[in-house]
Amino acid sequence: MNRTLILCAHGSTAPRGRAAFAGLVNAVRREAQDLDVVDAFIDEQVPLVAEVVRETSGPRAVVPLLLAYDRPVSVDIVQASHLDPAVSVTAPLGPDWVLAEVGVRRLFEAGARSDDTIVLAAATASDERAVSDVGKAARLLSAVWGGRVHVGTLGGPDTPLADAVDVARAYGRRVVVSSYLLSHGAAHEAMGEAGADVVTQPFLDGGPPDPRLVSLVLARARVPAAAGLDAVPRWGGASSTV
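Residue numbers (full-length UniProt numbering): 1 to 242.
Calculated directly from the structure, the hints in this document are not laboratory data.
A couple of the hints might just be wrong.
DEER-style ranges, computed between Cβ atoms [unchecked claim]: (1) Gly146 / Glu55: 43 to 49 Å; (2) Ala162 / Asn26: 35 to 41 Å; (3) Asp43 / Ala219: 21 to 27 Å; (4) Gln33 / Gly146: 36 to 42 Å.
Bear in mind the structure is a predicted one, so any value in this text is a computation, not a measurement.
All C-beta atoms, glycine included, are put in the ideal place defined by N, C-alpha and C.
Use the sequences and the hints to build the structure in full.
Put into structure tokens, the structure is as follows:
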């Protein structure tokens, strides 16, 4: 019997976002024929992750398709995993160098220039650990881009995105928001209303998923989870400017 890989994400009310996520799941399924790959959600879509845990059996790993370690990982997903001791939870997708590399690709695709001011924009960072992860994501993006990157979020204790865009205006250059989102939806629409000159596409832009994202998902599935996931069983043995 194959092991089961549960890919868990925030659901989307946007058809484009739902299609992009389904495309990523299908791409992972094609690459991981030794695993039974199923999807699950935290909200907005079904099946919810707890339901998937109840309806599957054997060794399973939940990969949070989320870009920071925050409440959906530490509470929603971990609590669902506690329904069965055979379920493990891996580290979330981000932050990671792969996301920084794809983020720079999105910047180039959006026409960003070396003299633009870049603002990495994340969805709600619910706690200090999530803020730290978003800050790290900005530092990685800065290293790959080769220039300063500011940070703004749509909620939580970090700098609000609109304020970050206003600060970026002080440099007297175009402001480009680098969307630190997996797919299209309400959060991406909100980023478009923050006052930047340009907003990049999310990591899943509606076309075939970048192969690096597929590889990142599989890497998370096959490496023991990072410390701090509430002692869940394992598989296999912030600053506002950077």
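Each hint tested on the structure:
1. In this structure the hint that Gly146 and Glu55 lie 43 to 49 Å apart at CB holds, the actual value being about 47 Å.
2. One distance hint, 35 to 41 Å for the beta-carbon pair Ala162 and Asn26, holds here, with the actual separation near 36 Å.
3. Checking the proposed 21 to 27 Å range against Asp43 and Ala219 shows it holds: the Cβ atoms sit about 26 Å from each other.
4. Hint check: Gln33 to Gly146, Cβ distance near 39 Å, so the stated range 36 to 42 Å holds.
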